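Put together the whole structure using the sequences plus the hints.
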Amino acid sequence: MAQYVTFSYSDNLPQRILSQVPERLKISGTRDPEILLILRLLSGNVELSHHYSSKQVKSRVNYFSSDFSGFSNWKREFPNLLSSDVTAEDLAVFIENTKYSNKAFYSGILSEVSHFLLHNKKGSHTSAFIYIYRILEKISYAFPLIYASKSQDFLKSFNQLKDLMIGDKEKKELGFFKVFVKKLYEGDSIADTSIDVFLNTSNAQVQEQMYKTLKEVSGNSILHEDSTEFDKLSIKYCEMGSFLINVRNRFFHNLNGGSSNIESNRIVDADELFSFINPAALYWISMVFLEITTYSLSEFQSHRSNADV
Amino acid sequence: MSITIFDKANDGVINSVVATGKTTYQYAIDNLFPLINRFSAQRKSQDKKFYARLERDILDHCLMPPITIAFVEQNFEANNEVEIAEYITNNIQSGYILDGIQRLNTLSRASGNERFDGSQSLYINVIISPTEDKLLYRMITLNNGQKPMTPRHQIEILTQELFDFTDIEITIQSEKERAENVIKGSFDLGDVSKAYLAFLTGAVNNDNNKIIGEKMDQIIVGRIMDKQPSDDDIEFKEVITEIDRLCSNSEVKKWLKIGNNLIGFSVGIKSSHQTIKNTNSDDFSDAIELFESAFKAINPSKVNLGKYRRELSQKFIENYEQYSGFDEMELIEEFSELTS
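Sequences listed follow chains A and B, in order. Be aware that the first sequence starts at 22, since it is given in the numbering used here, and climbs by one per residue. Be aware that the second sequence starts at -2, since it is given in the numbering used here, and climbs by one per residue.
Because the hints were derived from the structure by calculation, they are not lab data. Keep in mind that the hints are not guaranteed to be accurate.
Below 27 Å or equal to it, Euclidean Cα-Cα: the simulated DSS-like pairs (lysine-lysine) are [said to hold, decoys possible]:
no., chain 1, residue 1, chain 2, residue 2
1, B, K207, A, K47
2, A, K203, B, K312
3, A, K257, B, K224
4, A, K257, B, K304
5, A, K96, B, K224
6, A, K204, B, K224
7, A, K124, B, K19
8, B, K312, A, K199
9, A, K203, B, K173
10, A, K204, B, K299
11, A, K47, B, K234
12, B, K207, A, K199
13, A, K79, B, K207
14, A, K96, B, K181
15, A, K124, B, K299
16, A, K203, B, K234
17, A, K253, B, K173
18, A, K204, B, K312
19, B, K173, B, K234
20, B, K299, A, K203
21, B, K207, A, K204
22, B, K207, A, K120
23, B, K304, A, K204
24, A, K159, B, K207
25, A, K96, B, K299
26, B, K299, A, K120
27, B, K207, A, K257
28, A, K96, B, K207
Owing to the predicted nature of the structure, the values given are computational and were not obtained by experimental measurement.
See the structure below:
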């Protein structure tokens, strides 16, 4: 039996800009490469329909920018994020040639992103966070492969991987994330920046409680000096993964004993709290995803040019 | 003469004379206010309403916090306060307002009111610095907290206004000038600005499309502050002089006109100034030919093209003495080591 089609997608770029975009980067609605859908969804210009509920969701937020401002010309500005020398045509060639590789991986991420956008639209931010966490776990599946190929010293990276893989569960996830993200952003100035969670509450006391709760959960070592009490919690760029894992563990597990949990009464409204965390979290994940794409693009191009010779 | 200097001291970090003194509101309007228009890219004066309160206070004889003005004078020598005051009065038209642009604007607006009293005192800080680089370092350390004028903006202004490119052979054109009249073979001022930024930070990668401007500025400020100027450092003027000299060879000129090469060169030369100085332009041309053939051989993907060009040209210039003596294979080996 064929699987029920949960989402379908259509292009939502302004006509003026869409007409300049290479054919292969447009969303046709049939057999679009998953990686393209993900990149376009996250940059805020695809419309998705959830068939079961007959809901239409327009992705409007550009998660590739820390201030979420949209692209004024997607074709020109998006490829610049990959690298200053990459054009939309280069991206089109890459997507066309790699659309069958890692299909299962990308289609998993695509469905999580779609579900996130659906729940975000409904205002169910606590549920939406679950999909963010699921994307994080999905992406982490690709981490070891990239980590190994980015490391110069295979012997050392093997041992590091082995250590991380056989540690206890908690250490495995957290520890590996840290090492991986640091490796991914080695020498990149973005690693010195922060991810900012803005607590835009209407009540000052609630704001203070939320701030303090999140701060307790995350611990001082992952806070960036940009934080301002109590409206902006800045997290060191490379520590964002640890932050998300902590929030998930302390809120959704609620185990007795051991580390303290997030008390639901203290944060007053979970949907509101997650509405502050989610954009920052998805921004960070989008950037990691972008970095992975940049890396695959670079690999693709150098294989290609080596084959030319 | 209506500037009085009370005291002077030396800033050991930027080797500058720093003095404090006093003048009057009227003198500031006549002599300091015109200076704020000296930068062609001067940031706009901010909304009047932010300063309406100050305007009213000025009329009520308030005393504003000191205004900072700066001068660049290579061999400044003054033994006492009176001489410094004389120097300032004589050279006031070549001064720069480092801090207090908005206050001077408000002052000038207030002076239109009949209640305005021009004899009220205004305290001033004066910095007389031997070089532009050092002044910029202090300017950024001072203005860091200020939002409207970003460090990048300050650097653009400085390359445009403080550096005098008239006594060099090569021409440098801004985007605006290029629109009016293209001088063939001229350098792009934007590239020179970027090279200057790279020179100041000691880093070739100061552009990152993934980071929004505000955060990038924070990073750049941090890098500039880490790179405190020292006495044996060369100045950017000397870098330009070297570029100018080497450009007598047309191949070299073509190579340096590529923004990424210019950036790499400007950072690399910090460690190899003496060697480069003693290299004639034809030998240098041979060396960059070697560089290009090795660069082709490492075959970078487009993703890394610009990045590698900046990084490798920096390394190449840094180790010029050694690398220019390599044969192609040795250099390829070195490059693939650096890029792996």
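Consistency of the hints with the structure:
At roughly 23 Å between alpha-carbon atoms, K207(B) and K47(A) fall within 27 Å of each other, so this suggested pair holds. Proximity of K203(A) to K312(B) is assessed by CA-CA distance (about 24 Å); at most 27 Å being required, the pair is judged to hold. Taken as a hint, the K257(A) and K224(B) pair is honoured in the structure, with Cα atoms around 23 Å apart against an allowance of 27 Å. For the given pair, K257(A) sits about 25 Å from K304(B) by alpha-carbon distance, which is consistent with the 27 Å threshold.
Only pairs whose Cα atoms come within 27 Å are accepted, and K96(A) paired with K224(B) is rejected, the gap being roughly 38 Å. A threshold of 27 Å between alpha carbons decides the hint, and for K204(A) with K224(B) the separation of about 26 Å falls inside it, so the pair holds. Of the supplied pair hints, the one linking K124(A) and K19(B) is violated, its CA atoms being roughly 73 Å apart against a limit of 27 Å. Between K312(B) and K199(A), the direct Cα distance comes to roughly 30 Å. Violation of the 27 Å bound is thereby established for this hinted pair.
Between K203(A) and K173(B) the CA atoms are separated by roughly 42 Å; this puts the pair beyond 27 Å, and the hint is violated. With a C-alpha separation of about 21 Å, the suggested pairing of K204(A) with K299(B) holds against the 27 Å cut-off. In summary, the hint linking K47(A) to K234(B) is not supported, as the alpha carbons are separated by about 49 Å, beyond the 27 Å threshold. At roughly 20 Å between alpha-carbon atoms, K207(B) and K199(A) fall within 27 Å of each other, so this suggested pair holds.
Between the alpha carbons of K79(A) and K207(B) the distance comes to roughly 24 Å, so the proposed pair stays at or under 27 Å and holds. Proposed proximity of K96(A) and K181(B) is contradicted: the alpha carbons are some 31 Å apart, above 27 Å. Under the criterion of a C-alpha separation no larger than 27 Å, the hint pairing K124(A) with K299(B) is consistent with the structure, at around 24 Å. Between K203(A) and K234(B), the direct Cα distance comes to roughly 38 Å. Violation of the 27 Å bound is thereby established for this hinted pair.
At most 27 Å may separate the alpha-carbon atoms for a hinted pair to count; K253(A) and K173(B) exceed this at roughly 40 Å. For the given pair, K204(A) sits about 23 Å from K312(B) by alpha-carbon distance, which is consistent with the 27 Å threshold. At roughly 23 Å between alpha-carbon atoms, K173(B) and K234(B) fall within 27 Å of each other, so this suggested pair holds. For the suggested pair K299(B) and K203(A), the alpha carbons sit about 24 Å apart, so the restraint of at most 27 Å is met.
Between K207(B) and K204(A), the direct Cα distance comes to roughly 17 Å. Compliance with the 27 Å bound is thereby established for this hinted pair. With a C-alpha separation of about 25 Å, the suggested pairing of K207(B) with K120(A) holds against the 27 Å cut-off. Between K304(B) and K204(A) the alpha-carbon distance is near 18 Å, which keeps this suggested pair within the 27 Å criterion. Restraint check for K159(A) and K207(B): the C-alpha separation of about 23 Å stays at or below 27 Å, so the hint holds.
A hinted pair counts as satisfied when its Cα atoms are at most 27 Å apart, and K96(A) with K299(B) qualifies at roughly 17 Å. Proposed proximity of K299(B) and K120(A) is supported: the alpha carbons are some 20 Å apart, at most 27 Å. Between K207(B) and K257(A) the CA atoms are separated by roughly 16 Å; this keeps the pair inside 27 Å, and the hint holds. The straight-line distance between the Cα atoms of K96(A) and K207(B) is roughly 16 Å, inside the 27 Å bound, and the hint therefore holds.
Comparing the model with each numbered hint stated earlier shows that hints 5, 7, 8, 9, 11, 14, 16, 17 do not hold.
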